[in-house]
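Chain by chain, the residues run as shown.
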Amino acid sequence: MPIQYYIFFCLALFSIGVIGVLTRRNAIIVFMCIELMLNAVNLLLVAFSKMHHGAALQLSPTSTAGIDAQIFVFFIMVVAAAEVSVGLAIIVMMYRNTHSTDINFLNRLKN
Amino acid sequence: MSIIEILFFALSAFAVVSATMVLISKNPIHSVLWLILVFFAISGHYILLNAQFLAIVNIIVYAGAIMVLFLFVIMLMNVKDDNEPQKKMIIKFIGVLSGGSLLTLLVALVKQTTQLEGKQVFMKEGTIGLINPLGNALFNDYVLPFEISSVLFLSAMVGAVIIGKK
Amino acid sequence: MFLLLFLLIPIVAAFILLFIKNTATSNSISIGAGILTLIGSVYLILSNTGDYDASWLPVINSRFSLHLDGLSKMLILLTSITFPAIFIATKNNDISKRNIFLSLMLFTQAGLVGVFLASDALLFYFFWELALIPVYFLCSIWGGEKRVAVTFKFFLYTFIGSLFMLIGIIYLYSNTIDHSFAIASLKQVSISGSQSATVFALFFIAFAIKMPIFPLHTWQPDAYEQSPTAVTMVLSAVMVKMGLYGVIRWLMPLFPAAFLAHSNIVVTLSVIGILYASFIAIRQDDVKRLIAYSSIAHIGLMNAALFAHYQIGVQGALVQLFSHGINVLGLWIIADIIEQQTGTRSMKALGGLAKKQPTLAILLVAFSFANIALPLTNAFVGEFLMFNGLFQFNPWMAALAGVSVVLAAIYTLNMVQKVAYGEISEATNKMQSPNKNAQLVLIVLLVIVFFTGVYPQPLFDLTADTLTQLFVK
Amino acid sequence: MNAIIVSTLMGVIMMFSSWLTSSAKAQRNIGLGGMFLLILANLAHLKGWWVIDFDTKGMLAFNPIGLFANLTLFILTFIYLWINGEEIEKIGNHTADFYAIFFFILCGVSILTSFDNLLMLFIGIEILSIPLYILTGADKKNLLSNEASLKYFLMGSFSTGILLLGIAFIYGATGSFHLSIPIVNPKTQMVTENFLMSAGLILLFVSMNFKVSAAPFHFWTPDVYDGAPTVFTSFMATIVKAAGFIAFIKVFEMQRVALGYSWTIILSFVIVATLLIGNITAVFQRSVKRMLAYSSIAQAGFMLFAIYGNSIFNTEALLLYIVAYSLATIGLFAVLVKMKDYSFESFNGLAKKHPVLAFLTTIFLFSLAGIPLTAGFFAKFYMLNALFTANAGTWLLITAILFAAVSIFYYFRLVQVMYFTAGEPAINEVDKKYELKLMVVAIIIILLGVFPSLLFNYLYF
Amino acid sequence: MKLIIGFIVLWPLIGFLFNGLGRHIWSKKVIAYKATGYIVASFIFSILAFLNVQSSGAVTIHYFDFINTASFKIPFDLRVDALSSLFLLVITGVGSLIHLYSTAYMHEEASHHYARYFAYLNLFVFSMLLLVLGDNYVIMFIGWEGVGLCSYLLIGYWFSNATYNYAAKKAFIMNRIGDLGFLLAIFWLIVKLGSVSYGTVLTAESLAKLSTTDITAITLLLFVGAMGKSAQIPLYTWLPDAMAGPTPVSALIHAATMVTAGIYMITRSNILFSASEFTQHIIAIVGISTALLSATIAIKQNDIKKVLAYSTVSQLGYMFLGLGVGAYSGAVFHVITHAFFKALLFLGAGSVIHAMHHEQDIRKMGGLKSKLPITHITFLIGCIAIAGVPPFSGFFSKDEILAAAFAKSPIYWALGVLGAAMTAFYMFRLYATTFLGQFRGTEEQAHHLHESPFAMTLPLILLAVASAVAGAIGIPELMGGHHWLSHQLIPIVGEAHEATLTHSTEWALMGISVSIAVIALLIAVNRYKKNTDGEPQTALGKFLYNKWYIDELYETAILNPLNKFAGLLKDVVEKNIIDGAVNGTGKVVQYSARKIRLLQSGQVGYYILFMVLSIIVLFLCWFNDLKILSFFFKLTHKL
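Read top to bottom, the protein sequences are chains A, B, C, D and E. Heads up: the first sequence begins at 4 in this note's numbering, then just goes up one per residue. Heads up: the second sequence begins at 134 in this note's numbering, then just goes up one per residue. Heads up: the third sequence begins at 436 in this note's numbering, then just goes up one per residue. Heads up: the fourth sequence begins at 4 in this note's numbering, then just goes up one per residue. Heads up: the fifth sequence begins at 357 in this note's numbering, then just goes up one per residue.
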């Protein structure tokens, strides 16, 4: 499977995430789209890790090259989890005060 | 056309479609569900790539924990599909346009990258995706970041406490 | 080491003043400091003190080095005459928070002396700004009703200029072999013609704004008009000299080629400025603005003479640096007395001074004629030589600039006529007993005017070494 | 290593200190003690007296400059806490937690000053950011605070996504998260271009710009700085930003080569944009707090000069700038905290009522404006010099100083308001002790303004 | 000798300081004695100097270096030679007489004003002497401007009167215009010859160094200076206004001495002028036209001093005619004689005015013959002298000039004679209307009419004698004289060369001019013996009465435009254009501030959108870097 396919696929997911961030107004949905972006990156990393791993296996059958990417993905998930906890807390706080999760509603601070 | 390729394209298509559904579905809850489907698809890809551990973790953490959290929040706020106002069409259009152009830009880049030509992804074989080597790596080379990520969690915890406490 | 005194005395006095509320004491302290520096500077001229050099910023190899030559001596003398003169003359003006006022003035003095002494580019820039900042506060706090805006304009204008200079300094610095700001090593820098032209421009803008040269002059009349006269005296007697000093001390030696290459443009600008300012001065009704514009014209002439770059003209400019300082100082003091006592600066409202306060009127006439460079006053010597240099550079320029001699006569005599002569106006009638301190100062200045006018040789001797340095091939 | 461990421990201790004692004062003192300890630990590492030896497996690499950066940032934090202690307590009843968060942030800082692996960069940035979202929203009842924190959070996580994509690309190109020095082709004197790598670097560049709030990725800054509680704004604008810059320079001082010439263009673009937007927009602000936010953007524009070239000199210049800028900003915000409202009008006639305070404010403003005799002047001077050593075009320098001149507009506007506008300042009572603290800051500024080498002498041990 | 010459200059200076500083201390008597005494002293010294020159030729004495720089030096030297010693005598001699006269004339002034007056007068004598004695052009220039200053101060002596001040200012400024020319000439000399000392400049070899253009330019510029000082067209209008000053001042400064400075200067540098044919023509033309113009104006003036003023201008015109035709000694001769009779006339007028209580309009006088006998006689002598009736002094000097003019070109001569006729006419018109006929003034004027005190009449008598016999110093050969003066001046101007004319022609010319003059004066006398002319009726009359409307012309053609121009600069260029540009930049900044801040819309969506867009922009920048880069590099290299 050529790497490009994976890259294109991941980029597509990533951009969909971006588009989501740009087009939706509900904070939660926006946040979800960001999560989507992160996942795209995850998959990309794994794909790359497998690519490098394959290349390394040609040289030495015992190489573990590419494992660091998968570890990285693991950490991304960790961070994502932490982020979600904080993020949702913030959104909830916001909701408490304004009873809305509409980001267009956030326009007291401007200019 | 090998089975792997078929699976790959099927999963990819499925993922892209459901990702798009996340965007276009009015009701937030539907979006969440669609997103979960995306995650499943991605997990499928992990399995294709023989990254079993990540596949599991992805299901557990994302589909299992994070998305449930999202669901809770949404339901707690009982955001109805009707009460989410839409952005102006033009803004949406611009958003799609810029996102699309970003995509095309990056794709063009990748296409021009000579170094990637002929590089193959090593499907379904390879052991690095299994728990054992990952565990070794994590607790040997990556023990420091592992420890440090605890700091992250601590601060997130404190933060949640600060923010959440009435 | 002795040189440090000229920086330390004012600064120390300034700090002391910050804590003294009593007006009388603060007056006497400031005057004392002024006199002290005056004595010091006289001693400085008679003795031959060496330079001072100490480590300052080892990291970038910038040194606290002061260099003393004839020009510096003369300008330090001018500074040390100006400040005590101001302190004495404006002793009785009612100024709120006088101690703060005086201490800021003394800080300015320190800055000015530093500028005239520094031989390290960065140090020079440092003092350059140090002299400016107190003035900003002096003008904005104690100035006229439009003071804040006007002063801000003035400050911003000069500050931008000095920033340009800073760029120039760094440019040269980064091209020095031994990475130093010392003027000696800046001279060694070898950069291409176009580059040196750029850096020249960067420096010149700073100096041109300070002098000021047409068309960068618009801050000046407003600033002179709005700032308290004591400060105006400093500005026009000493501060504008910073620009000319910069030209002589930095521009000429550092960019000989670019200097000559641009002399045509600069001289033309200056001459335009001379005529321009003189014409505007003719139509002024405000005494201070009139003096301001006339001072623009005079400065323009000096600058033209410098850029014409003939030994005789430069010599004239060197002398004129001093003479103009003295003359304009006298005029400002008179203008101040008039404003203080009549409460107006409009020449329409004035008149009959000669009847009301004959002595002051005579002084006014005397200084006015010094201002238009009547022979046997100090200004004549300078202007004669400067015109000479300009004439050698280009007769037509000299002729054009010479028109200003007539114009100067017109506006100065207008002023004299409207202020001193005619029947006593009710504004003039308000004047009480003459201000003895000021008149004493004026008389001393007048003595200097005529002495250096009849026998200018001391000034020539004083600045001889500077001149030879400039024209050594 | 010392710094990371100590800060983590202190963070944990602070978390639980609210059980040990409920008095905010005691908690603050513990915090200050902890800061002192942290500084000592870092100093020990710097001087090599006592180092916790730990095999980081190439995750971290400690070098003197990084440690020195730590030291300066810790000291700045100490000063910050020392001055703003009471103010922090006024926000909610979470003093201990706030201190804990500060320590976690400092942990992130010390990671960012010493990371040697993109994974650590990522974690460090996250440790830095996530607590900030919380600090921004700490004033829970205040809508502005909420709004700010939500905006910050959304944009922050978006930029995280960008960062990760960049890292992914780099990994794809190099096969490692370790930033190795790119190989320069001896013939062409250029790096053989790998588009994937370059794209990754650009994305990285973008997200770093976001962190240091450089235009056109600055949009969060004004709103967040404006909305966040003032005390925390001052922390964000100084220490956090500085850490971001150090990470920035660490990433790019080697990698810029990989981008070839285009690096200059992209950076110039960002610099000019930042200077323009920061300075111009600051001119027309009603609220001093917001003006300072924009001015911090403008200052970032100046700090970016350090990224331009890659001489050791640049890092020094950056450090001096950080110190000068942070001191002045901390001071200004400390004054701002005492104001009843943040409009310029509220400063009317401050010089009459609180001459000392007004004078100190003036010094801070001068330092920001880069007037000689203040640290700010030498900061700017070194930056310009750095730009020269990187032989940038003169046009860039002239742009820079023109904008520096523009900055005079808004800094002096405040001076004018304080000194030359009559009126009653809307200010809470300020006790002598507070003024004394600020005076210390001012004295440091002046001292550095006359002898900047005081700071640098420590770099040449 | 050094001391003597030094003190010639110093006495008046001492007098100035004495009176100027002590003006509140001394009594009028002291002031008067001192002031006059100093001038007399300097007169005596001048005589000594003169005799010394007679015995042992010219002397140049070095006092100190005025300017001494690496590039060049101006020594402060004084030089006494034939020319300057003559002028010394005239200045100090006439000067002391006029001082004496003034003591009485100004007696009504308050004592400190009295002192001020004499201080100025002494200062004037000082600068005049400096002008004459200086050994180089710079010192001459110092004196030159000095006398200008004094004339300014003295014209505006009654400073509370605005019109007087205006006249003073006008005088000074017009002089300044001339001085500018003089100054430029000096620069030219310095550039070409590197020196301004007569010793080096006025020599054949330095003449050889100069191209004809140089010489023409220099001489023309010098002549411009002379125009200003000696009130020639176009710079003459200040002199009539200068009559605002006290009458003795008019006598001393605006008749006898200062206004002749121009003649002195040109005579002094005659070598240069003789070398430039062109300039000489210019001078001659300007001179003669001035002479005629002012003569015509003088015919219709009714202010006694104005008439004399215009006659002065006209006489100066004659002198320049003389210079123009190369009769330098003749010009100097006329200067001397003119100094006597014009001073006499002015002082006479002064005593009339004094008697008439400051009434200056001759139409209100008349029949003063009997009331003021001495004044009348002396005034009459003056008139005859100026009219050029032999054997009075005016005849000889004027005739010498005319002869030389004829030698140059008959037209000059013809015009000169015409002018002489007019001179005779208006002078005797003046004489007749003032002294003949019967008194037309008010009653109480008539009642107070009295001859002036001795202090005033004595100078009159002495000057009358002088103007009667002064011709003796220049009796031409053909009258059996040997023209002592021209022999005197040989070292300065070389051999006088009117020998070109045959004796017969000379006699003829003399005859014609004299007869015409006599006829003119007779007509004038019996026309104005009885009646006076009231307001002029004829167009020509008005035209002349209004001085050819020259002042108005200057007003509209030069002053107003300049004023407008200055106003334009002040109110439009300065305010709107230059300062406008400065403030404009500020405005631009503020405007763009107002606009750019709208970018910060407060909408997260927009923010992120902007971020994405700018990422794209960055990528694009990086894509085709080479294009953009080359552009930037161009820019960089430019700067």
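These are computed hints drawn from the structure, not numbers from a lab. Warning: the hint list may mix true and false statements.
To spell it out: a stretch of chain A is covered by chain D in this simulated footprint if at least three of its residues, at any positions, have a beta carbon under 8 angstroms from a beta carbon of chain D; those stretches are [to be verified]:
(1) 28–41
(2) 89–103
To spell it out: a stretch of chain B is covered by chain E in this simulated footprint if at least three of its residues, at any positions, have a beta carbon under 8 angstroms from a beta carbon of chain E; those stretches are [to be verified]:
(3) 147–153
(4) 232–245
These figures come from a predicted structure and were not determined experimentally. Quick reminder that beta carbons are idealized off the backbone N, C-alpha and C, glycines included.
Structure-based check of all given hints:
1. For the segment 28–41 of chain A, the stated coverage by chain D holds: 6 residues have a C-beta nearer than 8 angstroms to a C-beta of that chain, and at least 3 were required.
2. Requiring three or more residues with a Cβ within less than 8 angstroms of a Cβ of chain D, the coverage given for the segment 89–103 of chain A holds, as 8 such residues are present.
3. Three residues within the 8 angstroms Cβ limit are the bar, and the segment 147–153 of chain B against chain E gives 0, so the coverage statement is violated.
4. For the segment 232–245 of chain B, the assignment as covered by chain E holds, since 5 residues bring a beta-carbon within under 8 angstroms of that chain's beta-carbons and 3 suffice.
In this structure, the one hint that does not hold is number 3.
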